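Residue numbers (the working numbering), protein chains in the order written: chain A, 44 to 500; chain B, 44 to 500.
Keep in mind that the hints were calculated from the coordinates and are not lab data.
Treat each hint with caution, since some may be false.
Since the list can't tell identical chains apart, any single copy or any two copies may satisfy a pair.
What the hints assert, rightly or not - Straight-line Cα separation of at most 30 Å, DSS-like style, residue types lysine-lysine; simulated pairs:
| hint | residue 1 | residue 2 |
| --- | --- | --- |
| 1 | 231 | 198 |
| 2 | 231 | 332 |
| 3 | 406 | 106 |
| 4 | 231 | 406 |
| 5 | 332 | 115 |
| 6 | 270 | 332 |
| 7 | 175 | 115 |
| 8 | 198 | 106 |
| 9 | 406 | 115 |
| 10 | 175 | 406 |
| 11 | 198 | 332 |
| 12 | 106 | 231 |
| 13 | 198 | 115 |
Since we're looking at a predicted model, the values are computed, not measured.
Protein chains: 2
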Amino acid sequence: MASSSNAQTPPVITTRILRRLLASGVHYRVERMLERIHPADLGPLLADLTPDEIRTVIDLLFKHHRAAAMLKELPPELLPQIFDAVSDQRVVDLLGRVELDDMLELIEGIPEERAEAVRAMLPDGTREALRKAEIYPPSSAGRAMTTAYTALDEKMTAQEAIDSIRASGDLDESILYLYVVDEERRLKGVVPIRRLVASPPDRPCSDMMITQAISTPPEADQEEVAKLVARYDLLAIPVTDVDGTLLGVITVDDVIDVITEEATEDMYHLAGLQEEDRVFTAPSQSVRKRLPWMLANLATCFAAAWVVGLFQRTIEQQVALAVLLPVVAGMGGNGGIQTLTVITRAIALGEIEFSSGIRAVGKEFLVGMVLGAITGIASAGVIYLWQGDPALGFVIFTAMVATMAIAGLLGATVPLALKGMGQDPALGSGVVVTFFTDAFGFFSFLGIATLMMEQLL
Amino acid sequence: MASSSNAQTPPVITTRILRRLLASGVHYRVERMLERIHPADLGPLLADLTPDEIRTVIDLLFKHHRAAAMLKELPPELLPQIFDAVSDQRVVDLLGRVELDDMLELIEGIPEERAEAVRAMLPDGTREALRKAEIYPPSSAGRAMTTAYTALDEKMTAQEAIDSIRASGDLDESILYLYVVDEERRLKGVVPIRRLVASPPDRPCSDMMITQAISTPPEADQEEVAKLVARYDLLAIPVTDVDGTLLGVITVDDVIDVITEEATEDMYHLAGLQEEDRVFTAPSQSVRKRLPWMLANLATCFAAAWVVGLFQRTIEQQVALAVLLPVVAGMGGNGGIQTLTVITRAIALGEIEFSSGIRAVGKEFLVGMVLGAITGIASAGVIYLWQGDPALGFVIFTAMVATMAIAGLLGATVPLALKGMGQDPALGSGVVVTFFTDAFGFFSFLGIATLMMEQLL
Numbered sequence: 044m045a046s047s048s049n050a051q052t053p054p055v056i057t058t059r060i061l062r063r064l065l066a067s068g069v070h071y072r073v074e075r076m077l078e079r080i081h082p083a084d085l086g087p088l089l090a091d092l093t094p095d096e097i098r099t100v101i102d103l104l105f106k107h108h109r110a111a112a113m114l115k116e117l118p119p120e121l122l123p124q125i126f127d128a129v130s131d132q133r134v135v136d137l138l139g140r141v142e143l144d145d146m147l148e149l150i151e152g153i154p155e156e157r158a159e160a161v162r163a164m165l166p167d168g169t170r171e172a173l174r175k176a177e178i179y180p181p182s183s184a185g186r187a188m189t190t191a192y193t194a195l196d197e198k199m200t201a202q203e204a205i206d207s208i209r210a211s212g213d214l215d216e217s218i219l220y221l222y223v224v225d226e227e228r229r230l231k232g233v234v235p236i237r238r239l240v241a242s243p244p245d246r247p248c249s250d251m252m253i254t255q256a257i258s259t260p261p262e263a264d265q266e267e268v269a270k271l272v273a274r275y276d277l278l279a280i281p282v283t284d285v286d287g288t289l290l291g292v293i294t295v296d297d298v299i300d301v302i303t304e305e306a307t308e309d310m311y312h313l314a315g316l317q318e319e320d321r322v323f324t325a326p327s328q329s330v331r332k333r334l335p336w337m338l339a340n341l342a343t344c345f346a347a348a349w350v351v352g353l354f355q356r357t358i359e360q361q362v363a364l365a366v367l368l369p370v371v372a373g374m375g376g377n378g379g380i381q382t383l384t385v386i387t388r389a390i391a392l393g394e395i396e397f398s399s400g401i402r403a404v405g406k407e408f409l410v411g412m413v414l415g416a417i418t419g420i421a422s423a424g425v426i427y428l429w430q431g432d433p434a435l436g437f438v439i440f441t442a443m444v445a446t447m448a449i450a451g452l453l454g455a456t457v458p459l460a461l462k463g464m465g466q467d468p469a470l471g472s473g474v475v476v477t478f479f480t481d482a483f484g485f486f487s488f489l490g491i492a493t494l495m496m497e498q499l500l
Numbered sequence: 044m045a046s047s048s049n050a051q052t053p054p055v056i057t058t059r060i061l062r063r064l065l066a067s068g069v070h071y072r073v074e075r076m077l078e079r080i081h082p083a084d085l086g087p088l089l090a091d092l093t094p095d096e097i098r099t100v101i102d103l104l105f106k107h108h109r110a111a112a113m114l115k116e117l118p119p120e121l122l123p124q125i126f127d128a129v130s131d132q133r134v135v136d137l138l139g140r141v142e143l144d145d146m147l148e149l150i151e152g153i154p155e156e157r158a159e160a161v162r163a164m165l166p167d168g169t170r171e172a173l174r175k176a177e178i179y180p181p182s183s184a185g186r187a188m189t190t191a192y193t194a195l196d197e198k199m200t201a202q203e204a205i206d207s208i209r210a211s212g213d214l215d216e217s218i219l220y221l222y223v224v225d226e227e228r229r230l231k232g233v234v235p236i237r238r239l240v241a242s243p244p245d246r247p248c249s250d251m252m253i254t255q256a257i258s259t260p261p262e263a264d265q266e267e268v269a270k271l272v273a274r275y276d277l278l279a280i281p282v283t284d285v286d287g288t289l290l291g292v293i294t295v296d297d298v299i300d301v302i303t304e305e306a307t308e309d310m311y312h313l314a315g316l317q318e319e320d321r322v323f324t325a326p327s328q329s330v331r332k333r334l335p336w337m338l339a340n341l342a343t344c345f346a347a348a349w350v351v352g353l354f355q356r357t358i359e360q361q362v363a364l365a366v367l368l369p370v371v372a373g374m375g376g377n378g379g380i381q382t383l384t385v386i387t388r389a390i391a392l393g394e395i396e397f398s399s400g401i402r403a404v405g406k407e408f409l410v411g412m413v414l415g416a417i418t419g420i421a422s423a424g425v426i427y428l429w430q431g432d433p434a435l436g437f438v439i440f441t442a443m444v445a446t447m448a449i450a451g452l453l454g455a456t457v458p459l460a461l462k463g464m465g466q467d468p469a470l471g472s473g474v475v476v477t478f479f480t481d482a483f484g485f486f487s488f489l490g491i492a493t494l495m496m497e498q499l500l
């Protein structure tokens, strides 16, 4: 973007330059380049390299002890390739250098047989911590939390708290709240670090802390946690068990990742895609991931075709009807997807509940009917000019109103019903809405045409 | 969600309870309820109330001086209704109580004529600050930044900095970095507050600060800013002009809102929706916002129908072809949307550049062809069983391979080309891809059928 040219951002290193340096074999220049790169910028670079080139880069990162910091920032779909290029011992070294939540993510990128071997080589303490975290369900708060937080006693004063942080020498900058706990490590309150700094030195923590702090249980889904953080503008959220014992903390940077992933998931599910099917996933993988949905879609297409087949005799008498089938299906499908998008997004953002859902269904039905009427009149006009048949225009107008109204009704009802049943409102709703809209559209269009056959030219 | 039942979150207040209390007229109970509510929870409640009920709630909020804190958290589409219920003087009071970025957002919710009157009533200083911020383009960093940040001198020690924060008594907890500036207010470095606390008391700011801090110009689009914050795990980003002068700061809670809005925008644009068309937008508004796209879609549907019309004679001889049109269109359209979703999401997440784009186009073309071959064989089988015609099966197989390959090719090329031209890759690409895929699908299916007419039963 031209307008952001005076932004101060890390230097941009292109894959082209990196490949050229790798090909030339001047490794010290590659090393210098890698030293300057921000961990977050490595992923896009690696995605474009060959396995051999990746191996060289990883070797150089290990040489500079930067591998752990770099790899924990990589998108998960790149991990299998990376681990293929690295010995078990190196993987163990790597895992020893990252925090628990990153360790969990990295270990998921290792093929199962190998993960067992790697686990066996880990220090006992680490293996135990890993085992404990894996008790929590996938994508739960318990797996995303860090256990590196600062706990305070409520009797400490502001200055004592500052002194204790100084003494620990812990410079971790992502920690923004301090947690006041009792002897059993039960969470009593939260002190924002800014409040600690701004308070008089002798004020006790018990007077500074927020006692009704928002927290989450470890079993909660990350999506729910992300909603809490976004809704209440938090920078971190404590994870506590049923007794109120503080287990760990989830920070806002992880929440941003969850929000981004959830948005991807919603878009993907609406289109019938699986999350792991990314832009640079191997073609064979993408085919395998898309095939089940494609076959389901094929079945519904044939079902819609069967509806058309019911009217084969009508079409034989009036081939113009066949020509107009794409108009009915195209408009109905489009209306359905629009409503579906509005409703699934509202559900994802928590803007709609079951009670207000009924109002939304009514609105979408009405909007569909009005849009169907307007586009139906336009269609009738076009058909009169094209085919010179006013009766055919009337048929398409009626079919359009009915189809668009149904598209609005189903586009709103299906995701709300899925949500009500505790299912993902985006998953599969596209295929259901499109099928019923198509089938109903064909049935109404060809059915009305059959009834009006004598009026058609 | 049952599993998060032990989460500590603000008490849930339902619309039903609120309405009942409002109807009963016992305002002191409504007041008590509103006192307990978190500002972020008000929006969903208000969305379900009648204008009269909203008026009562707003009156009570003003009575308790909570209106400003509450209203700045509301979704923008609710603002016009709220302002309708409030006098100009109250709007002015309200604007005086919020920060500049919130003021800009609130003022956008006031109808233009009235906004002029309200502006005239604002204190000179506020009006001037507002005018200055409005120089920056909509959705730019300059409009989203807060000017309430803490500046330090590089010669200050850690303890002096802490003392100066204490003296200011400023408890704003969202401030996480302190900004070191020179006499001209040029940004020299950034001190994370945690680092300030953990450093020895006599260490000067110049030794603690990050000098190569990532920053953004005020003209940068909020989307670009959000990407920087997400990518580098920042908690706030300074906004600086070309001279490096510190203008303001954008905090991570605003960034989360931008990320959420951008995801909504992408989903909406893929479906041909406008952002303002939300679940509870008035039906008349929704119709008006969807109509242009619906008419564009109608035009492409008729263009596709015209392609079918070219083969009217072929269909007259073989009505089974008309029956199968929904299969060709449905599968091609679906394949196109899947590829489109993968590519636009990869563009939005910065996972793909123009160079790697060519590889992505090749991959999607290949994946489309393979999926077309598999579903084509399945279709040929179904048709043989249904219609008993092996030649018709061959026609659909060939058309399916060709259509799905084109769907992959266009689904990848169109958004990348739009991005290359500096356009929104999601906007309009759905209609273009669907049209060409449909038209090509009908042309190949009916064209091959025409050529093979003698072989068809």
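Cross-check of the supplied hints:
| no. | hint | in the structure |
| --- | --- | --- |
| 1 | 231 / 198 | within (12 Å within a copy, 38 Å between copies) |
| 2 | 231 / 332 | neither (47 Å within a copy, 50 Å between copies) |
| 3 | 406 / 106 | neither (62 Å within a copy, 35 Å between copies) |
| 4 | 231 / 406 | neither (47 Å within a copy, 55 Å between copies) |
| 5 | 332 / 115 | within (26 Å within a copy, 44 Å between copies) |
| 6 | 270 / 332 | both (29 Å within a copy, 29 Å between copies) |
| 7 | 175 / 115 | within (20 Å within a copy, 42 Å between copies) |
| 8 | 198 / 106 | neither (47 Å within a copy, 38 Å between copies) |
| 9 | 406 / 115 | between (46 Å within a copy, 27 Å between copies) |
| 10 | 175 / 406 | neither (49 Å within a copy, 41 Å between copies) |
| 11 | 198 / 332 | neither (57 Å within a copy, 59 Å between copies) |
| 12 | 106 / 231 | neither (45 Å within a copy, 33 Å between copies) |
| 13 | 198 / 115 | neither (38 Å within a copy, 36 Å between copies) |
Going through the hint list in order, the structure does not satisfy hints 2, 3, 4, 8, 10, 11, 12, 13.
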